[in-house]
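Chain by chain, the residues:
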Amino acid sequence: MNEFAKEISERSGQPISSCYQCGKCSAGCPAVQWFEWPNHGFIRKIQLGAKEELLKSHALWMCIACETCGTRCPNDIHISSIMDAMRSMAKAEKVASAEPSVMAFHTSFVDSVAKYGRVHEMSMLVNYKLKTRDFFTDVGVGMKLFFKGKIPLKPSRVAGKADIDKVMASSADKR
Amino acid sequence: MEKIGVFVCWCGSNIAGSVNVERVAELARELPDVIHAENYMYMCSDPGQELIKAAIRDKGLNRVVVASCSPRMHEKTFRKAATYEGLNPFLVEIANVREQCSWVHQGDKDAATRKAFNIVKATIAKVRRNASLEEIRVPLTRRAMVVGAGITGLTAALELADAGYETVVVERDDQPGGKLRRLSKTFPYHETADAILLPRIEELKNHENITLYLGSKVTEVTGYVGNFEVKIETSQGEEAEEEIGALVVATGYDLYPVEKMSEYGGGKIANVVDSLTFEEMLKKSMESGEPVKRPSDGKPIESVMFIQCSGSRDPEHHKPYCSRVCCLYTSKQATLISEQNPGARAFVSFMDIRTDCKLTEEYSQQNTEELGIVYIRGRVSKVWDENGDVGIWTADTISDQRIEMKTDLVVLAMAVEPSKGYEEVSQLFRASTDTNGFFQESHIKLRPVESSTMGVYLAGAAQYPKDITDSVSQALATAGKIQSLFANDELTQDPLVCSVDPDLCSACGLCVPTCPYDAREVDRRAQFSRVNEALCQGCGACVAVCPNKSCGVKNDSPTQVLNQIDVLVEDESAA
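Going line by line, the protein sequences match chains A and B. Mind the numbering: the first sequence is residues 1 to 175 in our numbering, read in order. Mind the numbering: the second sequence is residues 1 to 575 in our numbering, read in order.
Incorrect hints may have been included.
Quick partial rundown of chain A residues pointing at chain B, CB under 7 Å, derived from the structure [as the list claims (entries may be wrong)]:
1. V32
2. H40
3. D76
For the record, the hints were derived by calculation from the structure and aren't laboratory data. Predicted, not measured: the structure shown is a model, and the values here were computed from it. Quick reminder that beta carbons are idealized off the backbone N, C-alpha and C, glycines included.
Use the sequences and the hints to build the structure in full.
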C-alpha cells in the first residue's frame with residue numbers, strides 16, 4: 001500500500017485495501033452527481049495514491065455522510081469516515097477547499113461547539129455569513145425559525161463543558 | 001539383551017550442515033547396548049537402507065534408531081527395510097534431528113551437535129522398551145450407503161451397484177433427483193435436465209443391488225470404517241437397520257434465502273425471484289410453449305435483470321465465498337429467456353465472470369455476442385417495486401456512471417449454502433465442516449473426497465458449490481475410493497493404540513466421555529474399561545485422565561516417556 005493510503009487507512013480505521021471495486025457504494029449514493037468520480041473511483045484513487053487530486057476535489061466536501069455506502073459495502077468500508085480523515089488532512093495541510101462554503105459552514109459549526117459545548121445557532125450563523133459574505137440566501141427560512149424560537153439569542157449552558165473542552169483540545173490539530 | 005544400532009543421516013547438508021554427524025555416531029557408539037553406529041549421506045536412499053539391512057543381518061541388531069528427518073517422511077521406509085530382514089517394524093524408531101534440531105539451530109554447530117545426540121539418546125531410551133507389535137486386523141462389510149439421491153448421490157450409488165456392491169440410498173425427499181428436478185436446461189449444450197436425470201432415476205429405482213429409502217432419514221450411526229451400523233427412520237415412521245462398510249455424504253446445497261437480501265426486496269417484491277424459481281419458470285414455459293410470465297400479473301417478460309453474487313462475496317453481511325456456479329447458469333438463463341421470449345432484453349449485474357470449466361468461457365462469450373446480453377459491471381444498491389415494474393439503482397464501474405433502470409423481473413443468483421440440516425449430518429457421521437458449513441475434506445489437494453472420519457466420503461455441493469460436471473466427477477471418485485476399500489479381505493490398522501491393565505483399572509469410566517473417538521467402554525461384567533482397537537487413534541487422552549494409571553499407548557508407555565525425560569534432564573544437570 002502507498003504511504004497516503006496507509007495513512008488514510010490508519011486515521012479513518014477503514015480497510016481501504018479490501019475494496020474490490022464492485023461499485024455498490026456508487027450505485028446508491030445520493031450525492032454522487034456532485035462528485036468528480038463515483039465513490040468506488042474515489043477509493044481507487046486512494047489505492048493509487050492520488051493524494052493531491054483528492055484533497056482538492058469537490059467530492060471531498062460534497063459527501064453528506066449519509067452512510068448508505070457504508071451500510072451496504074460488502075467489505076465494511078465506511079467512506080464517510082475516510083472523508084473525515086481526508087478533510088482533516090486537507091485542513092492541516094492548508095489545501096484550499098474546492099467548496100469554500102461547505103468548509104466555512106464546517107468551521108463555523110465546530111468553532112461554535114468548541115466555544116459553547118453545543119451549537120449556538122445565532123452566533124454560528126453570523127460567523128458563517130461573515131465567512132461566505134453571502135448575507136441574503138435563506139433569510140426567509142431564518143426569520144421563520146427565529147420567530148418560532150429555534151434560533152435563540154443567548155447560548156444555552158451545557159453540563160460537562162470541561163469534558164468537551166478536553167475533547168476539543170485533544171483533537172485541535174484534526175478539525 | 002538389547003543389540004541397538006544407530007544410523008545418523010546427513011540429509012545432504014540439511015543435517016550435516018549444522019550438526020557434526022560423525023561426532024553424534026561416535027558418541028552413540030559409547031552408549032550401553034549400542035553395538036553399531038554409523039553415518040551416511042542419505043539413509044533413505046537404496047545404499048543407505050542397505051547399510052541398515054546389512055547391520056541387522058550381520059550383527060543381529062534387535063533395536064534400530066535412525067537419526068534423520070521427521071517420522072512423517074521416512075518412518076515407513078526404514079520400518080519396511082527392517083521388516084525385510086525379519087525385524088519387527090515397531091522396534092525401529094526415528095530420532096528427528098532435522099526439523100527438531102539442524103533446521104532450527106543453524107549457526108551453532110557445537111550446541112546443535114549436543115542436542116542431536118540428546119535426541120538420539122532419548123530415542124534409545126524409548127526403543128529399549130518397545131514391544132514387537134502386529135497390525136490390527138478388522139473384518140469388513142462390503143455394503144455401501146449413500147446419503148442424498150441428487151445427481152451426485154445417485155451417480156455414486158449406481159457406480160457402486162454396477163460394480164456389484166449392495167448399496168443403500170437414503171433420501172429425505174419423497175422422490176430422488178434433488179435440485180436437478182427443478183432445472184430447465186443445462187450448460188453448455190442446453191441438454192434438458194430431465195434428459196440427464198430421468199433415465200438415471202429409473203436405473204436407480206430398478207437396480208437389483210440398490211435399496212432405496214425415500215422420505216427417510218438416518219437417525220443413528222455407530223461403528224467404524226468397514227463396520228458401521230446405521231439406523232434409518234423410514235417414510236412409514238418405522239425404524240430400519242443397515243450394516244455397511246463405507247458411506248458417501250451427498251447432501252447437496254440450498255440457496256441462501258432471498259429474504260436475507262432486504263435491499264433487493266427479496267421475499268417482498270413479487271417480481272424479484274431467486275434463480276431456482278426462475279429455472280422453474282423457464283421449465284414451465286419450455287413445457288407449455290407459452291412465454292415466461294412475470295409473477296405479479298402474468299405479463300410476458302420483456303426485460304429482466306439478473307443480479308449475480310447475491311449474498312456471495314460479501315464477507316460483511318452474507319457469505320464470503322464465490323458460489324462458483326452462478327456466472328454460468330446466469331448466462332444460460334439470460335440466453336434461454338432471449339430464446340423463449342423473442343425480443344426480451346436481458347441485463348446482468350456482475351463483478352467478475354468466472355468460467356472455470358471446460359467449454360464454459362466459449363459458451364458465455366458466445367451467448368453475450370449473439371444475443372446481445374448486456375453485462376453491467378457493478379453491484380446493485382437497491383431494488384424497489386414500481387406498480388409491478390422493478391426499479392433498480394446500479395452502477396457501471398467501466399464507464400463510471402450511476403444507472404437507474406426498470407425491468408419486468410429481477411432474478412437473484414443467490415449464494416449456494418450447505419443444505420438444511422447439515423449440522424445434524426455432520427454430527428451423525430462425525431464428518432467435520434468448515435466455517436461456512438461445507439463438509440471438510442482431509443486434504444484440499446490430495447484427499448479431496450475423504451472426510452475427517454475414515455470410511456465416510458464426501459461428494460458434490462455438500463463439500464463446496466459445484467456444477468453437475470464436477471459433482472458427477474466427485475461422485476465417481478467416492479465410488480472408486482469405496483471400491484478400493486472393498487478390494488481388501490479385511491482392514492488393517494496401526495497397532496499403536498491404547499491398552500488397559502485390567503488389574504489396575506477400577507472401571508470408574510472417566511475415560512469413556514474423554515475419548516474423542518468413542519473407543520472406550522466399561523465392561524460391567526469383567527469390571528474394567530475396554531479399548532475398541534479399531535476406533536482408537538492412540539491420542540492418549542484416556543491415559544491423561546486415568547486416576548489409576550491403568551491405560552497406556554502401546555510403545556509410548558508412561559515408563560518410556562519418563563525414561564526419555566530422565567535422559568534429557570541428566571544432560572541438563574551435567575551441563
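Taking the hints in turn, this is what the structure says about them:
1. V32: Interface hint status for V32(A): holds (6 Å vs cutoff 7 Å).
2. H40: holds, 6 Å
3. D76: holds, 4 Å
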